[in-house]
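Student: Below are the chains, spelled out letter by letter.
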Amino acid sequence: MAVDSIEANHHQAVRFATPDSLDAYMNRAPHTVTPVSAQAAIEEGFFLGLRLNRGIDLERLSTEFNPDAVAVWESAIQQCLREGLLEQEGATVRLTARGRLLSNEVFARFLAEEKVGTGHVNPR
Amino acid sequence: MPLGLYISVPFCRTKCSYCNFASDVFSKSAYENYVARLLEDIASSRKLASELGCALDDAADSIYFGGGTPSILDAPQLLRIVTALHAQFAVTPDAEITVECAPGTLTPPLIETLLQCGVNRVSLGVQSFVDREAQAVGRLHKRSTVLNDIARLRQAGLRNINIDLIAGLPHQTAESWAFSVSETIVTGVPHVSVYMLEIDDDSRLGRELIAGGARYHAHFVPDDDATADFYQQACEMLASAGIAQYEISNFARTAAQLQNNESRHNLKYWTRQPYLGFGVDAHSMLELPVWGRAPSRACPERSRRGPRQVRCWLDGVEELGSCPWPQQLWTRDGR
Numbered sequence: 000m001a002v003d004s005i006e007a008n009h010h011q012a013v014r015f016a017t018p019d020s021l022d023a024y025m026n027r028a029p030h031t032v033t034p035v036s037a038q039a040a041i042e043e044g045f046f047l048g049l050r051l052n053r054g055i056d057l058e059r060l061s062t063e064f065n066p067d068a069v070a071v072w073e074s075a076i077q078q079c080l081r082e083g084l085l086e087q088e089g090a091t092v093r094l095t096a097r098g099r100l101l102s103n104e105v106f107a108r109f110l111a112e113e114k115v116g117t118g119h120v121n122p123r
Numbered sequence: 000m001p002l003g004l005y006i007s008v009p010f011c012r013t014k015c016s017y018c019n020f021a022s023d024v025f026s027k028s029a030y031e032n033y034v035a036r037l038l039e040d041i042a043s044s045r046k047l048a049s050e051l052g053c054a055l056d057d058a059a060d061s062i063y064f065g066g067g068t069p070s071i072l073d074a075p076q077l078l079r080i081v082t083a084l085h086a087q088f089a090v091t092p093d094a095e096i097t098v099e100c101a102p103g104t105l106t107p108p109l110i111e112t113l114l115q116c117g118v119n120r121v122s123l124g125v126q127s128f129v130d131r132e133a134q135a136v137g138r139l140h141k142r143s144t145v146l147n148d149i150a151r152l153r154q155a156g157l158r159n160i161n162i163d164l165i166a167g168l169p170h171q172t173a174e175s176w177a178f179s180v181s182e183t184i185v186t187g188v189p190h191v192s193v194y195m196l197e198i199d200d201d202s203r204l205g206r207e208l209i210a211g212g213a214r215y216h217a218h219f220v221p222d223d224d225a226t227a228d229f230y231q232q233a234c235e236m237l238a239s240a241g242i243a244q245y246e247i248s249n250f251a252r253t254a255a256q257l258q259n260n261e262s263r264h265n266l267k268y269w270t271r272q273p274y275l276g277f278g279v280d281a282h283s284m285l286e287l288p289v290w291g292r293a294p295s296r297a298c299p300e301r302s303r304r305g306p307r308q309v310r311c312w313l314d315g316v317e318e319l320g321s322c323p324w325p326q327q328l329w330t331r332d333g334r
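In order, the protein sequences belong to chains A and B. With numbering that gives the first Met the number 0, letter number 18 in the first sequence gets 17, and the count goes up by one each step, no holes. With numbering that gives the first Met the number 0, letter number 61 in the second sequence gets 60, and the count goes up by one each step, no holes.
Just chain B, with the same shape it has in the complex (with noise of 0.2 Å):
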């Protein structure tokens, strides 16, 4: 089954003041080392797998540039990151390719960069039309560098877009979401993510809200009721302009109106197909291939129940390369 691939880059201009992620604000000096370090993941990842014993298929039919800020990285950066995925996995030639954006970085040499790099999907994290919102959580974006940017990738021929929006940020109201919402059905995407608005307590609005303070506008969430208002709200009138739900936070324009927009990617999370994921706080599902799910033959512990089989293996993947069974315990002939 072809892989998904998803590379972390955790950079941001700022951190939103809602965000628990692993990014932040870093020196731009720091981006090379860790491009560099990619590299070394992305070129050792068929030996990782190996070492855990998994089914590493060697088609790609979707990538996901997530953060962070992806669009952070400079064009030969970027290059250089989608080279090394073509150098290890058979990158089909449909493959969605998607980099998440923050509006308002998205300048013409970028733009041409994404397009070199095969990228065929943006999704751009606005959170909100209302530039008082957006202003609130530390967006640096207007209503009007949204716009912008939609209509210059659309000039490139970048038209699967995706729109990002929250439900429940500080000052917004029943209102304003409607506004939001609004717009984004507007601008005609083909996708779009509705979140509703979960304040951890460790984010700069969640200790706000918990210390006090004013900087970053906590008093002024809504409560959870009018958050689900807000999801509901937004859920009725995307269904009414033909964005079916497909997903609890996701929804496309249905294929009536144009190709299957719901998302590759994320529908491999979703379905337990096979995923890469590189870089920081990146996550893994490969799937053991069917001849190494019973491992009998060869394992020292093979004259015991099968539960001690399993851990006799648990005890090896967890310190990777250590495993105590021999590795043609994993060849297809069950050897």
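For reference, chain A alone in the conformation it holds in the complex (with noise of 0.2 Å):
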């Protein structure tokens, strides 16, 4: 995906915290606000739902963001299905036990791949 289309991009939603120490929050430090840009969105849309036993339905998170945006990925998706990290039904991907074990790596390897892929990496 071009740069261009990533910046241009709305944002959907507003991530913010309150501070980690009690005494910052005692002294209403302020919120730390970040928003979620349409891509940021659908990662967290891949990333969260991978969590999930149900996987994510690519061609349901295609069509709600950008068609585009999950064209990326695709070598990753290959890989992992062909290491037995992920499996496929369909539109959906899920991970599989293995996966699952090894989640921080497969989420790993998709934000590698995002990297090479747009040579951009997204404010969060």
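It is possible that part of the hints are untrue.
As the list claims (entries may be wrong) - If you want the footprint, here are the derived chain A segments under chain B, 3+ residues with CB under 8 Å: (1) 18-29; (2) 40-46; (3) 66-78.
Said to hold, decoys possible - Here are some of the chain B residues that sit facing chain A, going by a computed Cβ distance under 10 Å: (4) F20; (5) A29; (6) D40; (7) A243; (8) Y245; (9) S283; (10) M284; (11) L285; (12) L287.
For the record, the hints were derived by calculation from the structure and aren't laboratory data. This one's a predicted model, so the numbers in the text were calculated from it and none came from an experiment. Don't be surprised by glycine CBs; every beta carbon is placed ideally from N, CA and C.
If you follow the hints, you should be able to join the two separate chains into one complex; please do so.
Tutor: Next comes the structure, spelled out in structure tokens:
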């Protein structure tokens, strides 16, 4: 996906968090605010959805967000399928039992693929 | 879409050796000030959402008290928090209301308070049914404490109970882990969470692993392969017992046996539904209204390209309340 198309996406949501120290919280330190771009939203949908045994529907993800967005993960998906970390049924992909055990490694592969594929790391 | 509401209570009676959360041991005098601060946050949540330009539903269908040890608060404090939530949100009649509890803190008055608060789900931080393992990481309970707590919760009508287990605790073996999982299954609880211990360098266990010492039993932590085997063993044992895995760390008895026992609140995190957190280290995610995702009119940068507009908006929200765009940008008709 081209960098321009990522940047042109509008923000979908906002994440915000209170300070992680009691003193800072009691002294009303400001929230940390992180706007979630459309690209970040699809990444979240992908990674969070993969945590669930029911997996994720790639077609639905493409329809809901950007048809090109899923394409960047295609080679990583194929590699994980070959290695038995993911399984596919129609448009749904899910972690296998082995994939759940190695889930951090699986997620890291997709992040690496993204950086190679787009040359762009999205702000979160 | 109904909200999930999270309340962080960062107080514990003791700090577990593996824990690197924003929780610790504080004097009871801190609790009251904290609750007062929480109530302020709850009361101003709509103002904050408005300043961020976020959509905020009136309805909430899950409330989750996490920690720390929420059950460390006294009855009036818990009641005040719940009352404040009801004052700000339309908590649905079927809302899932969960409180994390440390085994041994569930006194009869506390159980009575939980019922008054509408709590219908209790999550017990058991971690291990082997007393030596629980003690080694600083837990104050024994196996018998947990079993008594579950019996008393059920007697009070609170049957929706989760048990947390940790694979990879000091002194854990394949046999002792199988015992903890078996005991969990025998209790008949409808939900189980299984976490593989990841030792943070900043936890006391992590520091002892690096610097040496014997106080926290760091050198009796099973290796990564053993911990992975424990996790797989738990998956298989729970599946055989009809407790199906629905998420990497979470398992619920299937609908054929009981109602849907998956955690409604936690599912919000994994399915990107909106949630609001209150208290220390509390995270929130709110959607921007559809009409607010593409600001263009009235933006001083509107003649420039989209990314510039977005940057302009970001500059505003990062300093809450100082958004340079007029508030009506976020109105439903898109003005």
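Student: Now, for every hint given, state plainly whether the structure supports it.
Tutor: Hints, one by one, checked against the model:
1. 18-29: holds (count 7)
2. 40-46: holds (count 3)
3. 66-78: Coverage by chain B is violated here, the residue count being 0 at a Cβ distance below 8 Å.
4. F20: holds (9 Å)
5. A29: Because about 7 Å separates B:A29 from the closest Cβ in chain A, which is inside the 10 Å limit, the hint holds.
6. D40: Hint on B:D40: holds, closest Cβ of chain A at ~8 Å, below 10 Å.
7. A243: holds (8 Å)
8. Y245: Where the cut-off is 10 Å and the nearest Cβ of chain A is about 5 Å from B:Y245, the hint holds.
9. S283: Holds, about 5 Å.
10. M284: At about 5 Å, which falls below the 10 Å cut-off, the nearest Cβ of chain A leaves the hint on B:M284 intact, so it holds.
11. L285: holds (6 Å)
12. L287: It holds, given that the least Cβ distance between B:L287 and chain A is near 6 Å, below 10 Å.
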